[in-house]
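A.B. asks: Next come the chains, spelled out residue by residue.
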Amino acid sequence: MGRFAWLGTLILLPAAGAPLLLRATFRRFTLPARVVLSAGVGAALVSFALTLFSLAGVAWRVAPAFVAAALLAACLSPLAAGRADPPAPERLGPPGSFAALLSALCVFAALAATLGATATSIDLFFFWGPKAQQFAIARGVDTAFLADPSQQYLHAYYPPLVTGLDALASMAGGRFSWTSAVLTFPLLLAALAVALPGVLRGAAPRTAAAAVSALAVATAAVIGIRAEIAGNGDMPLFFYETLAMGLLLRRDAGDAAVQLLAGLLLAGAAAAKVEGLAFALAASALFLALRGGTAAGAARSAARLLLPAAAALGGWFLFGALRHVFTAYSEYGPLFSLHPEHGTSIAREIPLVLYATARGLPYAVPLLCLLAAGRVDRRALLPLGTAAAILGFVVFTYLHLAADPSQWIGWSAARILAPLPLLFCLAAACASRPSPEGA
Amino acid sequence: MSRPTSGAPPRRLRLWLIGALVLCLFPLAPRLVRPLREQLQLPVTPVDRTDGRRAREWLFLDSCRPYVPPGARFTVIADEPHAEMSLFMMAIGLFPESRPLPHSHFLVPALVQAARAKYVLEYRRSTPADPGARLVARVADGAVYERSVPP
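In order, the protein sequence lines correspond to chains A and B. Under this note's numbering, the first sequence has 319 at position 319, and the numbering climbs by one with no breaks. Under this note's numbering, the second sequence has 128 at position 128, and the numbering climbs by one with no breaks.
Hints may be right or wrong, so weigh each one.
As the list claims (entries may be wrong) - Here's a subset of chain A near chain B, in silico, CB distances under 8 Å, partners left out:
#1 Pro89
#2 Thr118
#3 Gln133
#4 Tyr153
#5 Tyr157
#6 Leu215
By construction, these hints were calculated from the structure, which means they are not laboratory data. Being a predicted model, the structure only gives us computed values, none of them experimental. Beta carbons: idealized from backbone N, C-alpha and C, even for Gly.
Excised from the complex, chain B in its bound form (with noise of 0.2 Å):
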């Protein structure tokens, strides 16, 4: 290595706060443009405010979970593949006593894991998709079912 170095020249520690208080400033600027009451309103889920469909999604489920007991075997239906699979990957998380299972993984049905949930949580559906499951309640953005599943 070098010898070592000394008196940077202030021509260059101008340039480097320089650009250091470009890259600080530049946050600030999209709070400039948008209204103050917006800004100052807490966020109602993690990413509320970066991706507004997952948001959704959340509030969605968390609506659901306490019609879901601890252990019980559950399942995500929505009518959108992708939406199906982030509900399902975002239930992981959100049911850590529970256990969800795959209706479609990476937009394949998986028909055989979801047939084993005692409980149907749909998403944004008109139509319960087991006519036969019982109503457990209906919750922001969709409903909950219980269905005889064997043990």
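So that you can see chain A by itself, here it is in the shape it has in the complex (with noise of 0.2 Å):
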């Protein structure tokens, strides 16, 4: 019983979303996407009120916690007014509807492999999990465990997106639930499997859509598999970088509604994994490079893609400064302190560890599936130039180590580098021709 109501805690998210996405100006989606993108948004909030209840010193409680977030999207959704018209009737046909098996077929794999614990990430025991844990029998971020100099390793400092959740969801389950805290891996999967479809329907037409999900699904469950990480925070990062990078591709990103849509996700992504927030800003700041206008609509759109993101970690680095447990992002020393003499291993390992994954399949085929997609509109240097961003922000993480980083790149470059492919995915969306009649 305790597990139905861990993932049933989550299954509720997307009420806490729903006053923004219930916007008529988020018509524009398909229903199954609208509902979707309300769980992201709902558990961006969920987790941006679970942050305000420990500054405010409030001790966490379901109910309150979603209601908290459903009255902060209530507060936001006059920032997303208007109308937009539901995505055009357009037929998928066999190859669409062939996208769609895939999918399906991906999403059961990533459940099979879960269930039979081949998927399993170690990370979930030493860190995920125990803290989630702690933060649920102290209902609040348990600031006393985070100071313990023996509890160092759990990186007090880390984004508090999914300890926060799995905390809320072991206080309505009774425990924590290693089980439930698992299955996220294959039921973030499926949310984005059935979502991503109807949000790149505004950027390529309904079949290419398809076909680029399916793409794009397969690539995040054969490195989720492989590379193990059922139950850490990554495929809540792929969710929200994936969805939110589709968002800004669409024909209709330069709408406010769109752009603050986006900005949550990309608040959900900063406040899900240390990486989300590299992801947040390289996206945001070329977004706006790539999109020219007026400085002040430039600064409008600025202001909707990133306050979310600092607002949620604003928040959170100042609990920390005020509980003095955590004032910024640290452990591998200052910002600039490097050790370029390990750029050569970086370089040799890096390629190892990508081979070592599946074969180096999930990283070569989305790239190959694009070099071969022919000409690309201008629209790709949106996902390929964030891509470039994160593969420079990895190398540069892993030049603080003083050690010799191989051992640390092969734990991690599998998983951290996995955007890549999912961006060259979604640039291959951007490689349609372009036609008169539009999408």
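Mind assembling these two chains? They're in different frames, but the hints should get you there.
C.D. replies: In structure tokens:
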């Protein structure tokens, strides 16, 4: 029963985001995409509400956290004013149906791997799970626990979304459920498979959107299984990053409502894992640079895209500073204290690790699909530029370790470089031929 | 941003779908070479098939759980330093109502902290670390000891 309540808490997340996604302007998305986007926004806002509770010294409880998130969503909804029509009926056709079938098979493969314990992340047992469990017991961020020197490897500063939501689910379920925590991998993959075609319909024709989505879902599934991410923060990160980028590639990405939605998803990414912040900054900066327009318009767009992430992380670091637990992302020394002597070893190890993950196929296939797709339009610079920025960020991070980072790369590179092939898939969606009649 | 686009040529669509199919089939490949009986067996621990060493450590900690009362302080000792560290880390999650104390931390001895532990979980050791400790139970791959410590 506890496991059902645990997962049920996460399945209720669309309710938290509903006051925003119920706005008429979001009729531009298909209903399944709207429900999943509502869950993504709901999760980001519930996490933010938990941070506010922690700042105010209020104990975490499930219902108030959901209510607070729904109120935040309602407060944001006037910023998403306007109407939009539902997507025009468009025949999916056999290729699109086949793409949907492939996505379903990938979700099933991820579910089977998770239940068979072949995709379990050991980090769930070392970091994510113990923290979430302790937060659930303490009904809040247990600062005494995090400040204990013997718990320093728990990365006290790490962004709060995954541990907060897992803690809330544990409070609903009565205890932390390791099984339910690993099941978040196939659950979020399924959510991505459901939402991405609907989101990409604004960027490509329906069949193309379905095919690119299948490719992205298959990529996330194989990397997730082979790099063993079930239960850690990687799948939530892939979920947020992929959907946010999908939104920014849409032809209506200039609309305030779409930008606000993308900003909330980028906030989810930034609050899910450290590298989510790098993604949010790179994607937003590139989007603004590619769009052009007036300075005032760019400032408004920047606010919609980045203020949610700034609020989520600002609140988290304010809490850490007030409780004297953490003030910034840390652990690997000062920001520009680098060890360039490890450059060769990093350049050697990363390809080896990627090859060791399903023989490199989940990285190579999306890249080959992109290259073989022919000419891409200008929008593709957004995912490709973000991919380059993420690669740079990852190398920059590895250069911080004083010791040889080979072992660290072996543990992490397959997972933290996974956004690259996902971004290649999205760039492929921009490879369609311009046509006078539109999508 | 550029104008809307449409009409993905069939070649591209086929390419994307073939790519997805290749990736979709890849997780099945290892299943075809593994015996069916093995695949149908339910895992005993969540890490059985991803990390056999950790699975064994998990089973050890799990079998110690009935012998460590809620609220009690305990430490885990193993001869192999990396095993000792991972046992301590997993113990935090597996014993939420008790208080694990490290015997070593990142391979650095933490004996002062460990000395406060009333219970000692010894993993794959032939002799007890504290000869004066009382044997509470022998479990898979080890034993649980109780010792007197200042409150």
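A.B. asks: It remains to establish, for every hint, whether it holds in the given structure.
C.D. replies: Comparing the hints with the structure gives:
1. Annotation: interface hint on proline 89/A violated; nearest CB of chain B at approximately 15 Å, more than 8 Å.
2. Because the beta carbon of threonine 118/A sits about 4 Å from the nearest beta carbon in chain B, less than 8 Å, this interface hint is met.
3. At a threshold of 8 Å, the smallest CB-CB gap from glutamine 133/A to chain B is about 5 Å, leaving the interface hint in force.
4. Against a cut-off of 8 Å between C-beta atoms, the interface hint on tyrosine 153/A holds, since the closest Cβ of chain B lies about 7 Å away.
5. A distance limit of 8 Å between C-beta atoms decides the matter here; for tyrosine 157/A the minimum to chain B is near 18 Å, and the interface restraint is violated.
6. Against a cut-off of 8 Å between C-beta atoms, the interface hint on leucine 215/A holds, since the closest Cβ of chain B lies about 5 Å away.
In summary, the structure is inconsistent with hints 1 and 5 from the numbered list given earlier, while agreeing with the others.
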